[in-house]
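Peer 1: Produce the complete structure using the sequences and hints provided.
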Amino acid sequence: MSQQTPEIYSVELSGTKDIVKTDKGDGKKYRGLKNNCLERKKKNHKEEFQKELHLGLSSTRAAELLARDGPNSLTPPKQTPEIVKFLKQMVGGFSVLLWVGAFLCWMAFGIEYSSNKSASLNNVYLGSVLVLVVIFTGIFAYYQEAKSTNIMSSFKKMIPQQALVIRDSEKKSIPSEQLVVGDIVEVKGGDQIPADIRVLSSQGCRVDNSSLTGESEPQPRSSEFTHENPLETKNICFYSTTCLEGTITGMVINTGDRTIIGHIASLASGVGNEKTPIAIEIEHFVHIVAGVAVSIGILFFIIAVSMNYRVLDSIIFLIGIIVANVPEGLLATVTVTLSLTAKRMAKKNCLVKNLEAVETLGSTSIICSDKTGTLTQNRMTVAHLWFDNQIFVADTSENHSNQVFDQSSRTWASLSKIITLCNRAEFKPGQENVPIMKKAVIGDASETALLKFSEVILGDVMEIRKRNRKVAEIPFNSTNKFQLSIHETDDPHDKRFLMVMKGAPERILEKCSTIMINGEEHPLDESTAKAFHTAYMELGGLGERVLGFCHLYLPAHEFPETYKFDTDAMNFPTSNLCFVGLLSMIDPPRSTVPDAVTKCRSAGIKVIMVTGDHPITAKAIAKSVGIISANSETVEDIARRLSIAVEQVNKWDAKAAVVTGMELKDMSSEQVDEILANYQEIVFARTSPQQKLIIVEGCQRQDAVVAVTGDGVNDSPALKKADIGVAMGIAGSDAAKNAADMVLLDDNFASIVTGVEEGRLIFDNLKKTIAYTLTKNIAELCPFLIYIIVGLPLPIGTITILFIDLGTDIIPSIALAYEKAESDIMNRKPRHKKKDRLVNQPLAVYSYLHIGLMQALGAFLVYFTVYAQEGFLPRRLINLRVEWEKDYVNDLEDSYGQEWTRYQRAYLEWTGYTAFFVGILVQQIADLIIRKTRRNSIFQQGLFRNKVIWVGIASQIVIGLVLSYGLGSVTALSFTMLRAQYWFVAVPHAILIWVYDEVRKLFIRLYPGSWWDKNMYY
Amino acid sequence: MTKNEKKSLNQSLAEWKLFIYNPTTGEFLGRTAKSWGLILLFYLVFYGFLAALFSFTMWVMLQTLNDEVPKYRDQIPSPGLMVFPKPVTALEYTFSRSDPTSYAGYIEDLKKFLKPYTLEEQKNLTVCPDGALFEQKGPVYVACQFPISLLQACSGMNDPDFGYSQGNPCILVKMNRIIGLKPEGVPRIDCVLKVGYLQPLVAVQVSFAPNNTGKEVTVECKIDGSANLKSQDDRDKFLGRVTFKITARA
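For the protein sequence lines, the chains are A and H, in the order given. Under the numbering used here, the final residue of the first sequence carries the number 1018; numbering is consecutive throughout. Under the numbering used here, the final residue of the second sequence carries the number 250; numbering is consecutive throughout.
It should be emphasised that the hints constitute simulated quantities derived from the structure, not laboratory data. The beta carbon of each residue, even a glycine, is placed where N, CA and C say it ideally should be.
Derived DEER-like restraints, expressed as beta-carbon distance ranges: (1) A:Ser128 / H:Ser149: 53 to 61 angstroms; (2) A:Pro1008 / H:Trp36: 21 to 29 angstroms; (3) H:Ala51 / A:Ser114: 42 to 50 angstroms; (4) A:Lys147 / H:Ile179: 57 to 65 angstroms; (5) H:Val69 / A:His284: 54 to 62 angstroms.
According to the in silico footprint, chain H covers these stretches of chain A (three or more CB under 8 angstroms from chain H): (6) 857-869; (7) 899-907.
Peer 2: Structure, rendered in structure tokens:
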């Protein structure tokens, strides 16, 4: 495994190409692999090149190759077999203790049976019940797990693809799984690339490699070999990427797992999945409880043996102690609680794949977030305009509803005309009822932004274009850097043609000799040019893409209505135009994100932006969403403010840092640590997905719980490595979703914050659930200890204990999951992985030694009351055990001289069990109520706010009533019909528990940080 | 790898040592002396309070009780039957007429059992009317005399060996005492066995023929003639009935 891990890096290809070239030092391990990759490809090329391309492979040869290489599909990541998962549930947690208990039971019976053939079968029953409990809870937990995994399997379904292939010199459509190396395939716009293919010929083909490389721009593909590195060259298309436009004919060079994507997918699964924080906490808790159970059990086993009890009896005591100590229902409850939260989160667009990840999000201390699509809306939007020597701000919110800039200027009228006319983008037909911002558009990102912007402000753009018929057009290209079109005007009296132009601002300005200010043309002089530059720099500094707009009315006498414009000959002027204005665009932040970032900050979570985008744009977005706060400066900012060189600035004066991928790759891991530890606000720009992994590892070295968002295939190692990987539901690739622990259905950063809130709440509530459940263990345990030492008739039976643990207590402990947060959960620091444990010492001590003990006393009071009122005063009960349990003593005297047969005593003993059970039950109601809060008073929290608690209490009472009065006649269950008044004996104790806990909370609130607070707050 | 483990073992040992006693902070088991003092004081007060409270509630509970009559008798609505001599393990008596040591224990037991029934012991008790229930309202309760002569040959007055030496062993059948039990009708105890028997009210004398050695007799006694005294309970083999076995050896 350790050999494999570095390979992950090797198949990375990055948006920033320089990484491959300049890897040094630890980069060596990557390079070797890259070369391997390359060599294999070359070999393949040679081998297959002999083929006649137009013939394709013969079917027989293809079949041979298919048999050799296997189908062209990714081997699904190795799943743990269901049976293994199931068995894990059977032996995990407390199950081992219960298995031991069951085994001891059967052993005890075996020993007894060997000496006495008529040995009672009670121990066999008890052993079987324990096994049933293990199996039942195991099946339940397994079912819960399986249910939550099933949600995800829907993602895994991929529609079977067809590929157009030439075989036996015929074009055939075959399932892409059957493609083999050497096949000639044809791919057209909109198709997925069916395998890694080398382009033989292409027509205007562009592919979307974003899922693989993070490059969001469409990449042109042709047969031209442009780079040594197969990942860089323009003549290879990769499996699972999409062909956006054009057509390609290509030869398959790699299939299935041997494709680049196959490498990444298989290597990502090699990244060890670390235990989730909650799994560690539960393990810790199981260890504590099991430790307590085993040590008390063994201690009392020794005491019992030295008190001359038979070893066999001592073993039975041991089992009783184990059963009393183990909260059998708790792990099932935790699973239910987690899945309830998972459901709640799913409603808020966080789909959790792994139940335990629910809590991980809550303990997250660093979020490494993507920019595009997660923090931003993932669409270009007009953000600023500059005309009349003034910068105007446009509304960039999701619906553009609120455009407040001054639209009265005549310059705006001209500018809006250029925006409208000099634009090739069009709405797709048939979307009349779709809101403008949601309409689908044919055209590139900038043109789409301009189209929507003008549609919102001016109304029907298509109609305006119709009225201003286009007579000629030069589309944008990278050499010209401008776009131009010539239109008839919509003014019937104006016979002039209007030429409109947009493009790179400096190129547009070159072509202008005048500038329009307040609708008047003014000569373009030094000062106006300076104003232009200032505005251009300012908008550019905001990370926005700036476009310049100009126009020219062609004089009617030179260009009459019948004039034939020729765009190749350029028989019209393209200089001395009139400059109208600038317009800048950005992919704006989602409107919910700044709030979410503020919440993260107050919640003590560091948000780090990791993006492939340009540092200026990244920084601008970071500033606008608050990842870099308004008053923080980077080293560069300080240098600019003080007008000194960047090197002269003390780098720790800066609070924020923008680190580019280029800088990052020259850093040692110590330097990365230094940056992560010392800067509060960090933006990583121009990073490749592979560097994301380095950043994640760096954060984890700081002992942080790291959440990482990602969508591309190449993000999958980072998603796996992170404590919680968050894949994007809309933009995310399947590989990313597979590697992630959670999927954001709306791709929105704000949803992560909701997830954090839920995760923190569940941690708090699990604490309450566990405290609630542990409390009664003492009340269940004390009877055994007293029974062994003082010799009272057994106060509560093992089966009765199981009825509490798996019966009356289950619904109440789940109900605590519905408890609302006590205070603003998002105003405190994330929990420290190693210090803030789920089950800490105060929790165990308070549950066991305070409330638990009070409960035990209350339950004993009920027990003694029943015995005393039936004739056995407490004094009489001491050391009565031996006589009491003798089968041939059928005239045992009570305190009044009445004589009891064995069966009458047994029945009284069961009544005692029932009484003790009712005593615990009544006090568990009080326990449930006090556990609603840990610090606040119950009355601050609201006694009736969580209705589910009351459902829980009702369930407790109903189950208790049914057991006592409904099943009281079933001997095997050892319940009897208890007199109604015994239900109220423990009520004063229950009230005492409530009062005591209120006092505890009051002192905690009054004296924070005091001795009381430290020892009593759990 | 092993080196690492060793190191971590040493480390954890050192950590433990530090936990047991930390000389820099003066902490013993994670707490300073002052902290230990405080926590012990707290638990002293807290548990003292709980103990007092528990004693108080128990005291209150005991106040609800009557010294003479238990509050409830619902768990023993009907008496069980028990036999004397007191069986040691199972309800089986084995004796040999010729070997007095084999029944000495039984005789001892019977004598002990009948001691309170001697005339001297009973002289302070009331003579109650025969054949009718003797009801009392309290607050002072008296007990009725039970003339031991009713046991006839098994009274031990005439035969100190209770018939064991003759091969006619006496077994006393006793109805469990239940305070306030009012039998309806005229209860009597019927015993059934294979060989002939004398029928005193609560004593069974089995007569074995002198030459009949190694004889086994199973006796079943039952309360009869009273509607509210049950003798047919599947689960309780001693409720209103008792079955025992006598084996006489030579």
